[in-house]
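Put chain B on the given structure of chain A with help from the hints.
Quick note, the sequences are listed as chains A and B, same order. Residue numbers for the first sequence follow my numbering, beginning at 22 and rising by one. Residue numbers for the second sequence follow my numbering, beginning at 1177 and rising by one.
These are computed hints drawn from the structure, not numbers from a lab. Do not take every clue at face value.
Claimed, not checked - So the derived label-pair ranges between C-beta atoms look like this: (1) P77(A) x A1225(B): 43 to 53 Å; (2) L1254(B) x Q204(A): 44 to 54 Å; (3) Q259(A) x P1267(B): 53 to 63 Å; (4) F1394(B) x G57(A): 20 to 30 Å.
As the list claims (entries may be wrong) - Far from chain B, some chain A residues (derived; all Cβ distances over 10 Å): (5) G75; (6) R170; (7) P325.
A virtual CB, placed ideally from N, CA and C, is assigned to each residue, including glycine.
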Amino acid sequence: MRIWTSALLGMAGIAAAALPAAAQQSGAMTLMAYAGIFRENYNDVVVKPFQASGAPVQYVEGGTSAQMLGMLRAQKADPQIDVVIMDVTTAALACAEGLVEKMPAAAWPILSQIDPQARAAGGECGPGVMFDHLVMVYDTQAVKPAPTRFMAMADASQRGAVGFAAPPNIQGLAITAILAQAQAQDWRNIGAAMASLKAIAANTQTFDPKPDGYTMILNGQLRFATGWNARAQLYRDQSQGRIGVVLPEEGTIFQINTINVVANAKNRARAAAFVNHALSAEPQKAFTERMFYGPTNTTAQVSPEAMQRTALAPEFRNRVIALDWEEMLKLRDGWNQRWRREVIAAAPR
Amino acid sequence: MIGWLLAAPALAVLALAFVWPMAGLFRISLNRTTETGAMEAAVTTDSYARLVGDDFTRELVLNTLTLAASSAAIAVALALPIALLVRGASPRWRGLLALAAVAPLLVSGTARLVGWMAILGDQGMINALLTGMGISTGPLALINNWTGVRIGLVESLMPYAVLVLLAGLGRLDPKLEEAAATLGANRARTFLRVTLPLAAPALLAAWLLTLVLGISAFITPRLMGGGRVFVLATEIYDLALETVDWPGAAALAMLLLGGLLALMILRGVVAAFFPGNRAEKTP
Chain A
22 MRIWTSALLG MAGIAAAALP AAAQQSGAMT LMAYAGIFRE NYNDVVVKPF
72 QASGAPVQYV EGGTSAQMLG MLRAQKADPQ IDVVIMDVTT AALACAEGLV
122 EKMPAAAWPI LSQIDPQARA AGGECGPGVM FDHLVMVYDT QAVKPAPTRF
172 MAMADASQRG AVGFAAPPNI QGLAITAILA QAQAQDWRNI GAAMASLKAI
222 AANTQTFDPK PDGYTMILNG QLRFATGWNA RAQLYRDQSQ GRIGVVLPEE
272 GTIFQINTIN VVANAKNRAR AAAFVNHALS AEPQKAFTER MFYGPTNTTA
322 QVSPEAMQRT ALAPEFRNRV IALDWEEMLK LRDGWNQRWR REVIAAAPR
Chain B
1177 MIGWLLAAPA LAVLALAFVW PMAGLFRISL NRTTETGAME AAVTTDSYAR
1227 LVGDDFTREL VLNTLTLAAS SAAIAVALAL PIALLVRGAS PRWRGLLALA
1277 AVAPLLVSGT ARLVGWMAIL GDQGMINALL TGMGISTGPL ALINNWTGVR
1327 IGLVESLMPY AVLVLLAGLG RLDPKLEEAA ATLGANRART FLRVTLPLAA
1377 PALLAAWLLT LVLGISAFIT PRLMGGGRVF VLATEIYDLA LETVDWPGAA
1427 ALAMLLLGGL LALMILRGVV AAFFPGNRAE KTP
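One chain only, chain A, in its complex shape:
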């Protein structure tokens, strides 16, 4: 099975795999994580300080977390990646399939500094390295006064101006859980969320914003979308405030990115050193202040201004819904079907 899988998926990922292979030959540790502005900023404030100690790092763009999981599966017999940063749901699969190392607290003293929720998110494997959360983004030029609730997207004046991703996309799952919690104080109760979802769906232009909700707002195609806080905050800054970011009153959920050492990593010692570095207070502070991901290291001394733009700010913490992603994965197929049959089907164009 391993040979077949490696052969097939190795062919599919051959171009991407060539880069880490070259890096391995040069002795660099290979980190696989997200592309675009994440890479630019993570490279600047986390990777470069680590490299300054004389430990070269090759950053490989892995696409989405699912694509990264595919790469790890393809390379299981001969890993070319040493460290991977991916979202918690996909990391749980990598952990269950033995693609990443377990990280016992006894062998990783840094874990004592990590937020319990971030540690629990990783299970037996790598912990959360940064918190992100679901937000609502809107066009500040077209929507006045500033909205405070997700249900602002259901207002009759916003017909055709809303874009948000439907399940199985993780944002669709998240907003379903948030609206269920708001209606029934139980995020698992999708039935309680249905009326709200249908009301928003009636205004929805697309359930699959392309290229993304932020760009569609900037192009004037949408006035509302959902997004992840860190990227939304950057787009807000880059657009000089045209994009507004709201942590809605209904609440939010954390989307936790985990960091893991790949099982049988070729540069295991450097990989462990990098994971320790990435989880330590100083890089976490620097990355939060650069990109507004919440730090998972509880000793990170983040500036109040930056912390205010994360869900870890005191006034926002009680809006964060404690959601068990493992339980969510078990509910996902049923939710997906209800969305298709009851929400999307009720919102024709």
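Below, chain B without anything else, positioned relative to chain A:
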């Protein structure tokens, strides 16, 4: 024997680039997906049973066939006048017109779709024109729905239909049409009673080819559907890259491949059965 030797490099490439990955895909389809989505090595037909027993799979098949069949029919209907125009042109212009008809194939399909998104969007050129002229009071929904997908798919299938029709029509003997005219048939009657019946095998071949392409289309439903259009190809993508259910994605891909192979065999039977298409094989 020499023929097999000459074909050996191509067969080797085919085996490496198609048969081997397909065999691997089939193997993955026999693995098991746990409740939380992890993939376990196994030899089981669970994924096939789950898909076959799911009402939504049947809906996907119906959606896919309806979209592909209707888009292919429209594409062939639109391609026929173009093919007739090229066929009737003087030799001096024929090559240039044929090139123009298939020119969209020279541009990336994704780039063409991005262009369509700009044209058909709520703030796109067509809606701006319609509202500017007072024909409509608000934007028409030309994208992020089945209409948008059908428009994009027809446009992408038309060049293939033109190519097949040019090959088929090129073998029709123009003397038959001349004879009809000599016997008093006007142009419309000649077209309906002579050209069209003789072109039927080429029309069927063009429809079958574009049907197969339409069934496997992914980019158009994905980019133009706005999350409202569910077909087999988009479902395979979701299973593979959203829910990370590889055995399910692989099983659905194998079922789709089986269906497409059946259609290709049908196309071969049609090509062998109709006299018009037998003529195509004549050197």
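Going down the list of hints, with the structure as the test:
no. : hint                           : in the structure
1   : P77(A) x A1225(B): 43 to 53 Å  : holds, 50 Å
2   : L1254(B) x Q204(A): 44 to 54 Å : holds, 49 Å
3   : Q259(A) x P1267(B): 53 to 63 Å : holds, 57 Å
4   : F1394(B) x G57(A): 20 to 30 Å  : holds, 23 Å
5   : G75                            : holds, 37 Å
6   : R170                           : holds, 23 Å
7   : P325                           : holds, 37 Å
When the structure is compared with the earlier hints, no violation turns up for any of them.
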